Amino acid sequence: MVLASKQGWMGFDIGAAGVKAAQLVRRNGAYCIRSAAFAPRRQAWPEPWLATEPPRPSGDEVSCAASLCETVRGRSAAALMPAAACETFSLAAPAGKRGHEHGLASALAIEAQRPMHDCVFAAWPTGLQAGQINAVAAARSWSDQVTADVASSGWRCRLIDALPWALARAVALMAPDATQGTVAALDWGYGRATMCLIHHGVPAMVRILKDCAFRTTLEALARALRLDERDADAALRRFGLGGCALADDSCEPPADATTRSIIAELLEPELARLVHEIRRTLAYWQGATRGRCPDAVYLFGGGCTLADFDQRLSSQLALRAERWRLPLERPDDEHTLPPTCLLGVAAALSALAWEDR
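Heads up: the sequence shown at position 105 corresponds to 105 in our numbering, and the numbers run straight through without jumps.
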């Protein structure tokens, strides 16, 4: 227990496109980001489903992200198990019968239709459905790889976390009142889009949004404009989603207005698919929880950094949508650090330093 410490651990969010690193600091009960960085991979992991593949190393990216962080203190760290290497389960059985490790492994083996002896896993009650538990499982080789990647840069990996809990913790950091109600989190990541329903601070339901990874949006734009993926990403950063005008659109050059309109048309099918899957997910959750609806949806991941996305989603869902954010210890760092909604998971990993385990 490290409750007296002012700084959190180093958090390493290991993803398909790269590694995000962040360290929090706590003053007078408030949290802010002391340092953060993003180290992209030379080549992003091409497949979203890594659960059955040999683990892929991230030591170089972990080392690079850590070296880009300034004023870091301590050598303790926590890391995220790559989301695409994990499987999530919802088990319709009394949690008491599956509480011990052997019983849980047997239940998961039945659910997954394969042995789970070479896996690491964890389970918890959903909090919204009586007798229902959630579980996350990943190959032990992936856990060993993540630990080795962090250790290779001189960090002591104290804990490996899973995405649902990291999202729930990140929301609580930004909006402590959210732990008293029900909210949703959307991680529109490069390799996978994940939604999580969070009830009283606990991840109650988790769903992978089919064919909605941010990579598919970039690929569609790259094909249409005959660009490589990095140039397509740069175009999106510059022009946004194309659906909203600039603050003073009378000053927008005609060529930029035309490009904005083209991007809007090209991306419409991809964004419509994403919104459709989000609506399906919310409707399913509402039916499964006797009408429970989230009060807001908090946005994480590379896709959610795009200009206009939060307004567009809020308008189409009739639901408050907010990008994840925390203040920076040094506000002038805003122009040099990655967008804060890209750092939510890494920040949540850093905050594990203050959890009473």
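It should be emphasised that the hints constitute simulated quantities derived from the structure, not laboratory data.
Where hints are given, some of them may not hold.
So the derived label-pair ranges between C-beta atoms look like this [stated by the list, open to error]:
1. E268 with H102: 46 to 54 Å
2. H102 with T336: 24 to 32 Å
3. E53 with D211: 15 to 23 Å
4. H102 with I262: 51 to 59 Å
5. R73 with A122: 39 to 47 Å
6. W124 with P176: 14 to 22 Å
7. S90 with D118: 43 to 51 Å
8. D295 with E268: 23 to 31 Å
9. Q316 with P339: 18 to 26 Å
10. A151 with G131: 22 to 30 Å
Note that the structure is predicted; figures quoted are calculated from it, not measured.
From the three backbone atoms N, C-alpha and C, an ideal C-beta is built for every residue, glycine too.
Q) Any of the earlier hints contradicted here, and which numbers? A) Per hint list: 2, 5, 7, 10 violated.
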